[in-house]
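J.: Taken in order, these protein sequences are the chains called E and G. Mapped onto the working numbering, the consecutive letters of the first sequence carry residue numbers 1 to 409. Mapped onto the working numbering, the consecutive letters of the second sequence carry residue numbers 1 to 409.
One thing to keep in mind: the hints can contain errors.
Which copy is meant is left open, so a pair is good if it fits within one copy or across any two.
As the list claims (entries may be wrong) - Only pairs whose alpha carbons sit at most 25 Å apart, straight line, appear in this in silico BS3-like list of lysine-lysine: (1) Lys86 with Lys5; (2) Lys318 with Lys341; (3) Lys184 with Lys219; (4) Lys184 with Lys72.
None of these hints come from the bench; they were simulated from the model.
Number of protein chains: 2
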Amino acid sequence: MKRHKPRVVILGGGFGGLATAKALGDNADITVVDRHNYQTFLPLLYQVSTAGLAADHVAYPIRGALRSINGKFRMGSPISVDHKNKTVKLDSSEVLPFDHLVIAVGSVTADFGTPGVNEFALGMKSVHEALTIRAEVMRRFEDLCRFEDDTKLSIVVVGGGPTGVEMAGALAELVRGPLMNDQKHAALHIEVSLIEAGPRLLPSFSPKLSEKTKSALEKLGVKVLVNHAVESVMRDEIALKSGEKIPAEITIWAAGVKGEPVISKLSLPLDGNRLSVYPTLAVTNYPNIWGVGDICGSKASDGRFLPMVAPVAMQQGKFVAAQILRREKGEELKDFKYRDKGSMATIGRHKAVVEVKNIRFSGYPAWATWLFLHLFYLMGGRNRIGTIVDWCWNYFTFDRGNRHIMDSV
Amino acid sequence: MKRHKPRVVILGGGFGGLATAKALGDNADITVVDRHNYQTFLPLLYQVSTAGLAADHVAYPIRGALRSINGKFRMGSPISVDHKNKTVKLDSSEVLPFDHLVIAVGSVTADFGTPGVNEFALGMKSVHEALTIRAEVMRRFEDLCRFEDDTKLSIVVVGGGPTGVEMAGALAELVRGPLMNDQKHAALHIEVSLIEAGPRLLPSFSPKLSEKTKSALEKLGVKVLVNHAVESVMRDEIALKSGEKIPAEITIWAAGVKGEPVISKLSLPLDGNRLSVYPTLAVTNYPNIWGVGDICGSKASDGRFLPMVAPVAMQQGKFVAAQILRREKGEELKDFKYRDKGSMATIGRHKAVVEVKNIRFSGYPAWATWLFLHLFYLMGGRNRIGTIVDWCWNYFTFDRGNRHIMDSV
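Isolated chain E (complex conformation) (with noise of 0.2 Å):
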């Protein structure tokens, strides 16, 4: 008798999402619900907003990735699962069965409850965000050009992680290339400060690659201020915990993110601002659930949680996948370990830092390794093809063709 295949549900078309359902393949009934109908590669959204890549070139149809397996997809959110029943209700109304439920619904901004980010501070987190990003410093630019007086404009972005640094280094360099070239004196009055509470910047990497990325982004006219805790953001300034205050137009929140807040309508025990998981990466009394990426709130060997990046979204994917088989064929289940494959950030051009374990380097090595990691994991002939033109352009030519300001009719 031919075995049935397990249906298997799987929230979140991300990288941890599209993981698991290639991880997956043909051995089960596949449905990714995901509320945009692409996959956005978020490693690569801060060049959108500094106008290195078109916005379709960080998108990846979510069919056109299941098309090889099979999957079945539906533009969606959940609003609600049905634990008896194994059911997942969507918000079409749509109920669909499930054998094992893959939650992988990733995170959004963190505020950390401060007063001002949500109304006034743009985040990083869509393809929309970025084009936000994009439209508002191209505006201001706009805006500065017609004054020949000493108006500046301040862009500040909080956070000196990977993502805020990779912001502030593109960021410096859109407006000491092209939009120097574009008009010389606005782009003069414009300055790019990044804000990081702690003492020094990427504070995952060691203290000496920390050192190098400050002042690689210092030479690239980045106002860089650690130890600078940020109390509330305002529409033109921030306030600093320290009573300071500073301008800001234009303020980026790249300072932290938080789990996907729809996983409070899936009833299910979370930990922190994610789900509660066993080393095995079933949700702690579910043993059909499974905690995949971003949302999910397995821990490393020293007890703490582990990074929110792809790495450990794809890694987990691919085990959650197979764990459902093993526990389809009755197999014992294995215990979840993150293999660290290193940590990485681009600066600006032939700047980047790389640390691998007990490896480090920067400059130009490090920044021929990210641009060959990031086309590598770039899903889609197209995508990658249209990245390298994109890439190759700004390289050759020191411009940024996609100066558009499209938010607007």
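Place chain G on chain E using the hints.
T.: What follows is chain G alone, placed relative to chain E:
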């Protein structure tokens, strides 16, 4: 004594405005005004709507185009002209003095007073509108995928000119190719129709090519209705003047354009909704104000308005630049004559029609000609390369990589 360069303000950064600026080059002190900071390559917008091209590839930063001629740019719209003091006031309150004013503000969708067009039909005149069509088509497709029943989706393109023909053909190919691969049942329930009020498609072409176009579209699965005039557009149907109603969950309005209404603020003589001009393209009674492109009411020798197409705008732009320099030198002005280099429309893969005076051809050679000319006229090397990449990808994979619904957060 060195002669002072004339100050030329150009309203509109489209084909006409930028052609004027480039032809004036270093001989004038140029300021281009546009409400967008980019030029839109309108002839390819329908490919953005149908997921064939990335939105950023049909846009080109105006400042980039003006760099080589040291032209200035102001983002904004004109709100009035002070004819006594020769200044134009922008919505930013900035006042620009001019020796010559070139009006090249283009056109907008014309609804010919048809009720419901504004509320329920989608236009095809901006990147924003193109992305709205793309999102709407893809979202309705996602809706269809949820029901595996007989629910149908009718997409109706109104207007059988080149724009409507190209749109209908590209939609049919999107549905029959990528969407069929995404979800066959849903794709089979999508119907694309093209409605034309007159007796044949492409009325400006020869009847033979009209017939070829109709049969090529029908082969692609498009339902072509000629002699069907639209009475009104409703939320999910279209009422025809015959009293018949046809279902239309999505109505795309490609029935015509008219002069951009901003022109009414400039206190200038109009001819219908276009600028009244002399054969010299100087505005009637305003020797230092010039009309270029869609807004310019210049007429062919048969007394009819010239067509509102890019080649007219580009020829007029170049011509007006020369006229301005003639006037500055005290030389006699010339009369504008449009050299019609022919018309073309693409229907789909290997299918197009080309008509150059008495030479007419269709099929593969016409399609290759169309491709070549559009790449040739596409501004900016990066857009040209990016477009080649997107097109090659679509051509060889029969896929369309930009099926993203990006109009929402």
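J.: Determine for every hint whether it applies to the structure shown.
T.: To see whether the hints hold, each was checked on the structure:
Proximity of Lys86 to Lys5 under the C-alpha cut-off of 25 Å is restricted to the intra-copy arrangement: shortest distance 16 Å within a copy versus 77 Å between copies. Within a single copy, Lys318 and Lys341 get their C-alpha atoms as close as 16 Å, which meets the 25 Å cut-off; across copies the closest is 58 Å, which misses it. In this homomeric assembly, Lys184 and Lys219 come within 25 Å of each other (Cα to Cα) only inside a single copy, at 19 Å, whereas the closest approach across copies is 55 Å. Taking the shortest Cα distances, Lys184 and Lys72 sit within 25 Å of each other only across copies (12 Å), while inside one copy they are farther apart (52 Å).
When each numbered hint is compared with the structure, no violation occurs for any of them.
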